[in-house]
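Asks: In the numbering used here, the protein residues as written are 1 to 273.
Please keep in mind that the hints were generated in silico from the structure rather than gathered at the bench.
Small disclaimer: the values here were computed from a predicted structure and weren't measured.
Don't take every hint at face value.
[As the list claims (entries may be wrong)] Label pairs and their computed distance ranges (CB to CB):
1) A25 / T100: 29 to 37 angstroms
2) V158 / Q75: 41 to 49 angstroms
3) L221 / A26: 26 to 34 angstroms
Quick reminder that beta carbons are idealized off the backbone N, C-alpha and C, glycines included.
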Amino acid sequence: MHTRSENLKSILAAVAEGTLSPDAAAGRLSEGEVRYLDVAALDLGRAARKGVPEVVYAPGKTPEQVARICAAMLQSTERVIVSGPNEEHERLTRQLLPGTPVRHAGRALVVGTGEPASTGGRLYAIGAGTSDLPVLEEAVAVAREMGVAVRTTHDVGVAGLHRLRGPLEELRAFDPDCVIVAAGMEGALPTLVSGLVAVPVIGLPTSVGYGLGGDGTAAILGMLQSCSPGLSVVNVDNGVGAGATAALIANRAALHRDGARENGHAGNTDASS
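Hey, can you work out the whole structure from these sequences and the hints?
Replies: Right under this line is the structure:
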């Protein structure tokens with residue numbers, strides 16, 4: 001079986017000889033980067049292929065499996081996001097990768113060094129309550145890993161609407177391409193925000209609440225029954241899905257802005273209503 005290095009050399013040689021176009025070469029490189037471990041098949045080309053990095057989902061994996069997957073991925077990338085790790089996952093990852101920075105991002109870990117290159121995409125992330133922060137921060141970590149600039153605010157839920165006035169002014173000044181709103185309880189805040197802005201809003205229901213429906217069921221059902229067009233909803237506690245989707249939207253909008261500038265047009269994506 002060809003090694004990754006041999007495959008890369010053959011593709012580059014074909015481009016140099018003129019038998020393979022640069023675009024076709026880029027496609028091959030992004031499609032074929034898979035590294036096989038005994039516990040996983042790492043999709044190393046995912047970020048190049050679809051703009052979303054592979055994320056290590058920790059629940060159901062042993063601490064050793066998570067640590068080994070992170071170590072293998074760091075041979076090909078600067079950083080790895082681990083979703084939903086427990087203390088043992090983190091401890092063994094730090095032990096196996098001494099000297100490698102490991103930082104918390106809500107319910108996720110970011111393992112590795114450096115910062116992603118900026119794409120020009122912009123995201124505003126809102127948490128209804130402080131209890132929603134672990135899931136929201138996971139979404140923010142994914143979006144930032146995809147090169148998006150993110151601003152956040154929290155504890156501005158519908159129990160005190162006056163608290164939202166300042167963040168809305170900041171949001172409009174920031175002019176984001178997309179907004180994430182995380183909420184538990186009855187999940188009303190995403191609908192409210194969606195009715196006030198002219199960009200896509202992603203509702204992120206969280207498993208925060210009391211008794212019947214407090215596991216996120218009430219929040220997601222309320223968001224799915226929203227009367228505000230432009231609100232899309234991910235599953236309960238799916239910070240990775242919310243962050244990835246928001247970043248894809250923001251990065252596509254940034255490409256449009258770049259193209260408009262090259263053609264001499266300013267391009268207006270004002271998020272205000």
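Asks: Indicate, hint by hint, whether the structure satisfies it.
Replies: Consistency of the hints with the structure:
Our hint of 29 to 37 angstroms for A25 and T100 holds, since their Cβ atoms are close to 32 angstroms apart. Remark: the range hint 41 to 49 angstroms for V158 to Q75 is upheld by a beta-carbon distance near 47 angstroms. Distance hint for L221 and A26: a CB-CB separation of about 43 angstroms, inconsistent with the stated range 26 to 34 angstroms.
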